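Asker: Now for the letters of each chain:
There are 2 protein chains.
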Amino acid sequence: MNADALRGHMDALLLSVLEREPLHGYAIIEALRERSGGALDVPTGTVYPALRRLERAGLLAGEWASDGGRKRRTYRLTDAGRKALAGERSAWRSFTTAIGSVLDPLR
Amino acid sequence: MNADALRGHMDALLLSVLEREPLHGYAIIEALRERSGGALDVPTGTVYPALRRLERAGLLAGEWASDGGRKRRTYRLTDAGRKALAGERSAWRSFTTAIGSVLDPLR
DNA sequence: AGTCTATATGTAGGCTGTCTATATGTAGAC
DNA sequence: GTCTACATATAGACAGCCTACATATAGACT
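So the protein sequences, as listed, match chains A and B. Read left to right, the first sequence gives residues 1 to 107 (our numbering). Read left to right, the second sequence gives residues 1001 to 1107 (our numbering).
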């Protein structure tokens, strides 16, 4: 997976994986890997800053929790985040349609 | 169309639009707009440097031509470019499958 | 006791490709 | 003589993803 290709789609991925249940960063990385069948292996240096960014933007709400001695920051979708996710899904469809119409010789 | 979303897919678009026939930069921009039904309106400041980059990489071959007083630089796919296009198409499919598997709730 | 792996978060700095803004010039319509 | 379409190009800004590094706990294994 080319790194640049992910640009601008990271937000959609993070919001989407948090749609069903709140998760902490490490679990999000695993969820992305599992859901994509191993294709998406996003480095921590990408995910943690992105989560903070989405939190600052009000799309996620983060909260510290403890599991034994380990500290986790669990994120959940806010209402604004849920709306943003709908927008991201719609944008994704437009995007794939547009690129596909150029790339796909059948259309 | 979000600018960042295009990142890493510009090469595929340019190679693809040049697959059938050689075109010059301005015509490429129009072709992208037409093929995508207006969704793709790529600025000149993106296309011209990208074409030069692809030429440097050996995927395109450019040649100056004149139509009356107007000078055009027409680009055609090289053999390497044709191979690269096949790779880009394959990468595009993997990419949409991966993102789709996370974004699309039906899967 | 020491090492290793998995779990868990985070930052600094680099890279690179897309964008905005600007510059230059021809052709043709009005 | 002005406006729009055609045509190419560059400088600099910007954003976000990456690599590399730093830190720490838990548990297994030797």
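Everything labelled a hint here was simulated from the structure, so no lab data went into it. Please read all numbers here as calculations on a predicted model, not as lab measurements. The C-beta atom is built at its ideal place from N, Cα and C for all residues, glycine as well. Treat the hints with care, as some may be off.
Unchecked claim - Below, simulated DMTMM-like cross-link-like pairs (lysine to aspartate or glutamate); rule was C-alpha separation at most 25 Å, straight line: (1) B/Lys1071 <-> B/Glu1019; (2) A/Lys71 <-> A/Glu30; (3) A/Lys71 <-> A/Asp4; (4) B/Lys1083 <-> A/Glu30; (5) A/Lys71 <-> A/Glu34; (6) A/Lys83 <-> B/Glu1019; (7) A/Lys83 <-> B/Asp1104; (8) B/Lys1083 <-> A/Asp104.
To be verified - Label pairs and their in silico Cβ distance ranges: (9) B/Met1001 <-> A/Ala80: 46 to 54 Å; (10) B/Tyr1048 <-> A/Asp4: 15 to 23 Å; (11) A/Met1 <-> B/Glu1019: 45 to 53 Å; (12) A/Arg93 <-> B/Ser1094: 35 to 43 Å; (13) A/Asp4 <-> B/Lys1071: 26 to 34 Å; (14) A/Arg72 <-> B/Pro1022: 50 to 58 Å; (15) A/Ala3 <-> B/Tyr1048: 44 to 52 Å; (16) B/Gly1087 <-> A/Asp67: 39 to 47 Å.
Asker: Work down the list of hints and note, for each, if the structure agrees.
Answerer: Against the structure, the hints come out as follows:
no.: 1; hint: B/Lys1071 <-> B/Glu1019; in the structure: 22 Å, holds
no.: 2; hint: A/Lys71 <-> A/Glu30; in the structure: 17 Å, holds
no.: 3; hint: A/Lys71 <-> A/Asp4; in the structure: 31 Å, violated
no.: 4; hint: B/Lys1083 <-> A/Glu30; in the structure: 34 Å, violated
no.: 5; hint: A/Lys71 <-> A/Glu34; in the structure: 23 Å, holds
no.: 6; hint: A/Lys83 <-> B/Glu1019; in the structure: 39 Å, violated
no.: 7; hint: A/Lys83 <-> B/Asp1104; in the structure: 16 Å, holds
no.: 8; hint: B/Lys1083 <-> A/Asp104; in the structure: 16 Å, holds
no.: 9; hint: B/Met1001 <-> A/Ala80: 46 to 54 Å; in the structure: 22 Å, violated
no.: 10; hint: B/Tyr1048 <-> A/Asp4: 15 to 23 Å; in the structure: 19 Å, holds
no.: 11; hint: A/Met1 <-> B/Glu1019: 45 to 53 Å; in the structure: 24 Å, violated
no.: 12; hint: A/Arg93 <-> B/Ser1094: 35 to 43 Å; in the structure: 18 Å, violated
no.: 13; hint: A/Asp4 <-> B/Lys1071: 26 to 34 Å; in the structure: 32 Å, holds
no.: 14; hint: A/Arg72 <-> B/Pro1022: 50 to 58 Å; in the structure: 56 Å, holds
no.: 15; hint: A/Ala3 <-> B/Tyr1048: 44 to 52 Å; in the structure: 24 Å, violated
no.: 16; hint: B/Gly1087 <-> A/Asp67: 39 to 47 Å; in the structure: 43 Å, holds
Hints 3, 4, 6, 9, 11, 12 and 15, counting from the list given before, are not met by this structure.
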